[in-house]
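**Student:** Taken in sequence, the protein lines are chains A and B.
Counting the first sequence from 1 gives a position; the working numbering is that position plus 4.
Counting the second sequence from 1 gives a position; the working numbering is that position plus 47.
Do not take every clue at face value.
Quick list of in silico lysine to any residue cross-link-like pairs, SDA-like style, CA-CA up to 20 Å [as the list claims (entries may be wrong)]:
hint, chain 1, residue 1, chain 2, residue 2
1, B, K202, A, F14
2, B, K206, A, R43
3, B, K89, A, H15
4, B, K206, A, N6
5, B, K206, A, S41
6, B, K191, B, D150
7, B, K202, A, S41
8, B, K202, A, R45
9, B, K89, B, Q77
10, B, K206, A, R11
11, B, K89, A, I120
12, B, K204, A, R45
13, B, K191, B, A105
14, B, K206, A, H15
15, B, K204, A, D7
16, B, K121, B, D80
17, B, K204, A, D12
18, B, K89, A, R45
19, B, K121, B, D173
20, B, K191, A, L10
21, B, K191, A, R43
22, B, K191, A, R11
23, B, K204, A, R43
24, B, K204, A, S16
25, B, K89, A, A29
26, B, K202, A, A29
27, B, K202, A, R43
Chain A regions said to be covered by chain B (calculated; three or more residues, Cβ under 8 Å) [said to hold, decoys possible]:
hint, segment
28, 7-13
29, 28-42
Sample of chain A residues at the chain B side, in silico, Cβ under 10 Å [stated by the list, open to error]:
hint, residue
30, R18
31, P19
32, E24
33, F68
34, L118
35, E122
Hints listed in this document are in silico derivations from the structure and should not be mistaken for laboratory results.
Note that beta-carbon positions come from the ideal geometry of N, C-alpha and C, so glycine has one too.
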Amino acid sequence: MNDQELRDIFHSYRPEMSSEEDFMARLNEQMDTIDASQRGRRLRLFLPWVSGIAAAVAVGLFIFKPAKTTEPQMATVYPYYPERTALVMMNTDPLASFEETVAEIERSGQQLQLAIAEMK
Amino acid sequence: MNREEFTAQVRTELYGLRRFLLAACGGNSQEADDVAQEALMKAYVASRSFEHKTEFSAWLYRIACNTLVDHQRKNSSRTTLDINAAFGVASGSQTDGAFAYQDLYRAIDGLNVSERTTVLLFYMEDRPVREIATIMNVAEGTVKASLSRAREHLKEKLKEKR
Chain A
5 MNDQELRDIF HSYRPEMSSE EDFMARLNEQ MDTIDASQRG RRLRLFLPWV
55 SGIAAAVAVG LFIFKPAKTT EPQMATVYPY YPERTALVMM NTDPLASFEE
105 TVAEIERSGQ QLQLAIAEMK
Chain B
48 MNREEFTAQV RTELYGLRRF LLAACGGNSQ EADDVAQEAL MKAYVASRSF
98 EHKTEFSAWL YRIACNTLVD HQRKNSSRTT LDINAAFGVA SGSQTDGAFA
148 YQDLYRAIDG LNVSERTTVL LFYMEDRPVR EIATIMNVAE GTVKASLSRA
198 REHLKEKLKE KR
């Protein structure tokens, strides 16, 4: 028996096998299962990162959020002129009318001129 | 490689792969298909990192051969379906039907896993020695030596039957 005869024997091997479509259907089912488990795995890997980032953002907001204060924001503008500071505070009233605001500005101007005159 | 590409590539290799595994499993089609499914699942999981410069067929057969070796190591009590066992087999799905290749299975079964794989890849799948060496992750000389031993064994066994 030579090599070619051996080859012929193996080439004539044509066994009956189950349907290729059935085999592929089973394979597709298994691939679906693998895809689903990999999606779940990716999610499980990703979840701690998302939680960590969310926690870090929350902590950051809590720490760096400017604290609310009862002190007027403009108080430091005129530290040596309490009456002027009070005037500025009055001007910050959002409900003040246009005329009132203009009058305040005029008064402020006059007081500023007086203050400058005093300084001279 | 995505799922569609993988499925398309598998379809081109499927008949040859199943026939190879069926012969390697001594005609037990259930066992052969189980090994094929397991190998294809391993290949599918690994396919995302598959490099296109590698030949898909050789890569797939390599996974199949490793799976086959693992499977047969686990089921070391595996025996070739004997002609006498045919009376006890009700369904053709367990074997390749008419036991037409029983002599061939007996001859192959006398080989060790490495020789059996080499012979099937060389004579049945017409793979060159270089490719068989790649598939089995051994040197070409090892493949040639394995083929030589297997050839003598097969000639002797198959001649007896003629």
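**Student:** If you check each hint against the structure, which ones fail?
**Tutor:** Violated hints (numbers, rising): 2, 3, 5, 6, 7, 8, 11, 12, 19, 21, 23, 26, 27, 33, 34, 35; every other hint is consistent with the structure.
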